[in-house]
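Colleague: Taking the hints into account, I'd like the entire structure generated from these sequences.
Protein chains: 2
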Amino acid sequence: MEYQFSKLIQGIQPSAADRMLEQMNNPQLLSLAGGNPSPETFPIDEIRRASGLLLETDPIHVLQYSVTEGYAPLRKAAWEYFNSRGQHFQSEDELIITSGSQQVPDLAAKCFLEYGDIVIVEDPSYYLTLDTFRSHGVCLVGIRMEEDGMDIQELENAIHRYQPKMLYTIPNFHNPTGITTSSEKRKKIYDICTRNNVLILEDNPYGDIYFGDYPLPLIKSFDTEGSVILAQSLSKIIAPGLRVSTCIANKKIIQKLVLAKRCADVHTSTWGQYICEQILVNIDMDEHINNICAYYKEKCNIMRNGIEQNFPDDIKLIYPKGGMFMWVTLPERFSMPDLVEKALRQNVAVVPGNIFFVNQNAPCQSIRMNYSTPSAEDISNAIFTIGKILSKD
Amino acid sequence: MEYQFSKLIQGIQPSAADRMLEQMNNPQLLSLAGGNPSPETFPIDEIRRASGLLLETDPIHVLQYSVTEGYAPLRKAAWEYFNSRGQHFQSEDELIITSGSQQVPDLAAKCFLEYGDIVIVEDPSYYLTLDTFRSHGVCLVGIRMEEDGMDIQELENAIHRYQPKMLYTIPNFHNPTGITTSSEKRKKIYDICTRNNVLILEDNPYGDIYFGDYPLPLIKSFDTEGSVILAQSLSKIIAPGLRVSTCIANKKIIQKLVLAKRCADVHTSTWGQYICEQILVNIDMDEHINNICAYYKEKCNIMRNGIEQNFPDDIKLIYPKGGMFMWVTLPERFSMPDLVEKALRQNVAVVPGNIFFVNQNAPCQSIRMNYSTPSAEDISNAIFTIGKILSKD
Numbered sequence: 031m032e033y034q035f036s037k038l039i040q041g042i043q044p045s046a047a048d049r050m051l052e053q054m055n056n057p058q059l060l061s062l063a064g065g066n067p068s069p070e071t072f073p074i075d076e077i078r079r080a081s082g083l084l085l086e087t088d089p090i091h092v093l094q095y096s097v098t099e100g101y102a103p104l105r106k107a108a109w110e111y112f113n114s115r116g117q118h119f120q121s122e123d124e125l126i127i128t129s130g131s132q133q134v135p136d137l138a139a140k141c142f143l144e145y146g147d148i149v150i151v152e153d154p155s156y157y158l159t160l161d162t163f164r165s166h167g168v169c170l171v172g173i174r175m176e177e178d179g180m181d182i183q184e185l186e187n188a189i190h191r192y193q194p195k196m197l198y199t200i201p202n203f204h205n206p207t208g209i210t211t212s213s214e215k216r217k218k219i220y221d222i223c224t225r226n227n228v229l230i231l232e233d234n235p236y237g238d239i240y241f242g243d244y245p246l247p248l249i250k251s252f253d254t255e256g257s258v259i260l261a262q263s264l265s266k267i268i269a270p271g272l273r274v275s276t277c278i279a280n281k282k283i284i285q286k287l288v289l290a291k292r293c294a295d296v297h298t299s300t301w302g303q304y305i306c307e308q309i310l311v312n313i314d315m316d317e318h319i320n321n322i323c324a325y326y327k328e329k330c331n332i333m334r335n336g337i338e339q340n341f342p343d344d345i346k347l348i349y350p351k352g353g354m355f356m357w358v359t360l361p362e363r364f365s366m367p368d369l370v371e372k373a374l375r376q377n378v379a380v381v382p383g384n385i386f387f388v389n390q391n392a393p394c395q396s397i398r399m400n401y402s403t404p405s406a407e408d409i410s411n412a413i414f415t416i417g418k419i420l421s422k423d
Numbered sequence: 031m032e033y034q035f036s037k038l039i040q041g042i043q044p045s046a047a048d049r050m051l052e053q054m055n056n057p058q059l060l061s062l063a064g065g066n067p068s069p070e071t072f073p074i075d076e077i078r079r080a081s082g083l084l085l086e087t088d089p090i091h092v093l094q095y096s097v098t099e100g101y102a103p104l105r106k107a108a109w110e111y112f113n114s115r116g117q118h119f120q121s122e123d124e125l126i127i128t129s130g131s132q133q134v135p136d137l138a139a140k141c142f143l144e145y146g147d148i149v150i151v152e153d154p155s156y157y158l159t160l161d162t163f164r165s166h167g168v169c170l171v172g173i174r175m176e177e178d179g180m181d182i183q184e185l186e187n188a189i190h191r192y193q194p195k196m197l198y199t200i201p202n203f204h205n206p207t208g209i210t211t212s213s214e215k216r217k218k219i220y221d222i223c224t225r226n227n228v229l230i231l232e233d234n235p236y237g238d239i240y241f242g243d244y245p246l247p248l249i250k251s252f253d254t255e256g257s258v259i260l261a262q263s264l265s266k267i268i269a270p271g272l273r274v275s276t277c278i279a280n281k282k283i284i285q286k287l288v289l290a291k292r293c294a295d296v297h298t299s300t301w302g303q304y305i306c307e308q309i310l311v312n313i314d315m316d317e318h319i320n321n322i323c324a325y326y327k328e329k330c331n332i333m334r335n336g337i338e339q340n341f342p343d344d345i346k347l348i349y350p351k352g353g354m355f356m357w358v359t360l361p362e363r364f365s366m367p368d369l370v371e372k373a374l375r376q377n378v379a380v381v382p383g384n385i386f387f388v389n390q391n392a393p394c395q396s397i398r399m400n401y402s403t404p405s406a407e408d409i410s411n412a413i414f415t416i417g418k419i420l421s422k423d
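Order-wise, the sequence lines are chains A and B. For the working numbering, add 30 to where a residue sits in the first sequence, where the first one is 1. For the working numbering, add 30 to where a residue sits in the second sequence, where the first one is 1.
Don't take each hint at face value.
One copy or two, it doesn't matter: identical chains are merged, so the pair holds either way.
Claimed, not checked - Once the Cα atoms are required to be at most 27 Å apart in a straight line, the calculated DSSO-like pairs of lysine-lysine come out as: (1) LYS282 - LYS351; (2) LYS106 - LYS282; (3) LYS37 - LYS195; (4) LYS106 - LYS418; (5) LYS282 - LYS37; (6) LYS372 - LYS422; (7) LYS217 - LYS37; (8) LYS281 - LYS37.
None of these hints come from the bench; they were simulated from the model.
Modeller: The structure is reproduced here in structure tokens:
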């Protein structure tokens, strides 16, 4: 049989993500290419205890079909947790549970976007979400990132020129750049988009991983008009294998997202939802978050110190105030693809920056390095190896 | 903000499914309207034991991100389990894990269907999968069901007239009718579709719940051409809250489904996959399946006997040879919607048959009744109540 694949799926290339996953199978590799939270931050004892208790006292509910919008006590616990961390939503907002935060752009695209519609994204941005949008046949328009977030003039121009339906942003500790969008820009993005009837998809997987001041208010916090869909994963503060995330939006939007989710996977893993509820309710989340932040801050500092000691002075480095990633841009005398390949030959993996751009084929001098997954020692050794390669060039 | 929802999501109506879920919240209700497997069939002790051991010995892998195609040992265990139950696949076939079998039509539609394409479905068919197809903007063409499966002449005519891209079928113990497609028709469906380049999506959630002879070979078993995508849920033989299903197809198809799944939810719950692997490997599945079959057979007989004793002689009943549903068609002197409403007023819920048809608004005399979820006593009482309503009309 000759397969006729859809235009949508033909727009998705396996290459970049697959190559990275293949690398992961080399046990000798020092990988700065991943993006996994460190298992040191998983509340393993509490999950074990909660799971034992749930499967002892309420196994039928934990193993049975559940409702599409999510397990009601978890929806309540997550709402209260976000409130306790200074996030305040609108009275018209509702929270549902999704199967990882990757499901949020997939459902939002299904509910709002037609083939050929325009979506504005930060350029660079998280490549897998870009692929999710591409898989709906929408056109991506990238906005250049400055050290405090999107270039607002370019954003305004793009909105007037392309009349997009949606904007996708990661304002806290952006993946891949680590950039924090400033308060002023958050407000401007909200105002410009709302004025022009552009929905905002705000992705906040890293907001609870901060190294200094408490994170800035989310764009969602300004959202009196109901124009912001907020995806807040629990993967980085509980555990990603549970595949439990939250989505908060105006209830008219939520109704449609629930219809789309029912068609996609009926509901999210029941056990995973019960576990997250137990964790949010039973453990001291402030203390847990403080521990996570301290743990990642130390690793971030190790990477930063390694870069300062081993990399040429004229590289450009954005110091992340949180999250999991460091974005290094090489001066023109280096070839980024050469560096990535030489490093890999010495068993060090980093992600070539081009895969995060709307145009993956444009020249790119940047690499993304992750400090959440590797050990402190591996970070030091990997940075030292990359530094040696750069010093020889 | 004025929301402009997509044409796709506007095609999905919440009504039918939502009304049923609302009914479930009435504690006095005797519901034959559900479709949940009975918790009596869940291997609860084994799941509890496996979970305890996994979270004790390997918590990091169980809680960490995993790969999109699924946990390799589960993929192997599921493949071997299906083989042990007499299913044999092609050497070009591969098996991946999906988040429930509902995800399979969603991913298959993404990979193969364009807006406006035609999909052939049994008429009636499982309403949620019809909604999944509708959410991709495809047009459904329904084929009348006979007591041994689709009307083959109508199928041939429809294929020549509409040139569909895909056909969706539930050959074993069909939802909602309980019909088993005969061997002859399975072969004919395969031949006609393959000759006309129509992909077959074969859904087999109920194949392991049979009351007499071993189930007939799947359409997939003829699939030398690679034209069949098989969805085989583990929800009905392990537990549905895990949200773990399998999908088996030619590896060229699987590659694309994996790309689509990565964009949809990255991967299926890691814990759920580890649990399923442990269950498939460690328990005597033949004995487990025999117990499940015996348990549902008894309930099916209770419903059947109740119908024979309490319903008018001229109703039409298809005797299911497996699965979870019984489909009753009333003579013309009754109004099906009236019956459903009267029953509901007496706290008995059944599903009005019209929601399973491509055209939900056409006149319909059938109801679907489920015997897997309610207790034996509730089945008897509910059937008695419906019988009394029918005898008064």
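Colleague: Confirm or reject each hint.
Modeller: These are the hints, each one checked on the structure:
1. LYS282 - LYS351: neither (35 Å within a copy, 43 Å between copies)
2. LYS106 - LYS282: Result: close within a single copy only, 19 Å intra versus 43 Å inter.
3. LYS37 - LYS195: both (21 Å within a copy, 14 Å between copies)
4. LYS106 - LYS418: neither (52 Å within a copy, 43 Å between copies)
5. LYS282 - LYS37: Only across copies: LYS282 and LYS37 sit 16 Å apart there, 31 Å inside one copy, limit 27 Å.
6. LYS372 - LYS422: within (11 Å within a copy, 84 Å between copies)
7. LYS217 - LYS37: neither (37 Å within a copy, 31 Å between copies)
8. LYS281 - LYS37: between (33 Å within a copy, 19 Å between copies)
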